[in-house]
Amino acid sequence: MGALTKAQMADRLFEELGLNKREAKEIVEMFFDEVRRSLENNEQVKLSGFGNFDLRQKAERPGRNPKTGEEIPISARRVVTFRPGQKLKARVEAYAGTESE
Amino acid sequence: MTKSELIEKITAAQTQLSGKDVELAVKTMLEQMSLTLASGERIEIRGFGSFSLHYRAPRIGRNPKTGESVGLAGKHVPHFKPGKELRDRVNAGLERDLAAGRFASPRAHDGESQDN
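For the record, the sequence lines run as chains A and B. Just remember that the numbering used here sits 3 ahead of the position in the first sequence, which is counted from 1. Just remember that the numbering used here sits 72 ahead of the position in the second sequence, which is counted from 1.
No lab work stands behind these hints, which were simulated from the structure alone. All the pointers check out, no bait thrown in.
Listed next, the stretches of chain A that the computed footprint assigns to chain B, with coverage defined by at least 3 CB atoms under 8 angstroms from CB atoms of chain B:
| id | segment |
| --- | --- |
| 1 | 15 to 25 |
| 2 | 29 to 37 |
| 3 | 42 to 49 |
| 4 | 53 to 66 |
| 5 | 73 to 81 |
| 6 | 84 to 97 |
Pairs of lysine-lysine residues, derived as PhoX-like cross-links and limited to a Cα-Cα distance of at most 25 angstroms, are as follows:
| id | chain 1 | residue 1 | chain 2 | residue 2 |
| --- | --- | --- | --- | --- |
| 7 | B | K153 | A | K28 |
| 8 | B | K156 | A | K9 |
| 9 | A | K90 | A | K9 |
| 10 | B | K92 | B | K75 |
| 11 | B | K81 | B | K99 |
| 12 | A | K9 | B | K153 |
| 13 | B | K92 | A | K28 |
| 14 | B | K92 | A | K24 |
| 15 | B | K153 | A | K90 |
| 16 | B | K75 | A | K9 |
| 17 | B | K75 | A | K28 |
| 18 | B | K147 | A | K90 |
| 19 | B | K92 | A | K9 |
These figures come from a predicted structure and were not determined experimentally. Using N, Cα and C, we set each Cβ at its ideal position, and we do this for glycine too.
Model the full structure from these sequences, guided by the hints.
Written out as structure tokens, the structure is:
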């Protein structure tokens with residue numbers, strides 16, 4: 004089976020909650036849009052039972068162009084990290100599948 | 073932003089569904105995402121990012137109190153990789169803050185910072 008996508012999430016809302024297809028699609032879009040907007044505004048997102056999306060700031064650091072060996076600084080940046088919550092970690096830990104990533 | 077604030081925002085941004093319906097929808101989505109990862113599958117959300125499992129090999133751990141060795145089994149942990157659009161937009165936020173001379177370290181949501 005393939006990966007879970009927004010389309011499948013909308014299908015589930017249609018089948019399980021009886022939202023119409025357009026509503027279902029909109030809600031899924033809004034969900035990810037709102038999370039993204041919060042992160043864009045430098046505000047952490049905490050979804051209890053699932054996990055937290057945190058923001059980290061990285062200072063400028065020296066870098067190098069791997070092809071030419073030329074030194075170019077890597078500019079300061081802000082990055083998103085995800086910290087899974089206890090409940091999600093426990094559920095995933097139990098997965099005994101293959102050791103692929 | 074917490075889950076309940078997210079539910080409020082979505083509720084306010086549309087006219088068709090009640091707060092209760094939106095709450096149920098958000099919980100259903102998070103449950104489906106958790107179940108997907110718990111069954112070893114990936115989640116791929118365009119413009120946002122992807123979730124997958126990373127494997128942690130078995131290792132010998134140590135009880136920090138007693139110094140005793142304990143064998144720890146291999147396990148899977150959830151991993152999120154932000155998509156390009158999310159990365160770019162979050163980083164643009166930093167540039168905006170810097171340009172505005174705003175103190176730019178990340179704001180935690182107020183209140184306790186426990187995950188659960």
